[in-house]
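Between the sequences and the hints, there should be enough to build the whole structure, so can you do that?
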Amino acid sequence: MSLTSAHSVVAPSATSKRVAGTIIVLYALISIVPLLWIFATSFKTPPDSIAYPPKILFQPSL
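All letters in the sequence shown, in the order written, are residues 2 to 63 by the working numbering.
Rather than coming from a laboratory, the hints here were simulated on the basis of the structure.
Glycine included, each C-beta is placed from N, C-alpha and C at the ideal position.
Here are the simulated distance ranges between beta carbons:
hint, residue 1, residue 2, range
1, Q60, I31, 24 to 30 Å
2, S50, Y28, 26 to 32 Å
3, S9, F59, 56 to 62 Å
In structure tokens, the structure reads:
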């Protein structure tokens, strides 16, 4: 039994690294936006929180 492999390992190209990085960043943004929306809604008044169309800029209700 041999401990060495007959195949060599190929390093990923710069393009594949860039594509992987872009996918990771997009996934992170898609995952974080709903959490930011929930956080912002927690400071809105009840009418502002259910307003349609949603109000992005609002007067905080603390």
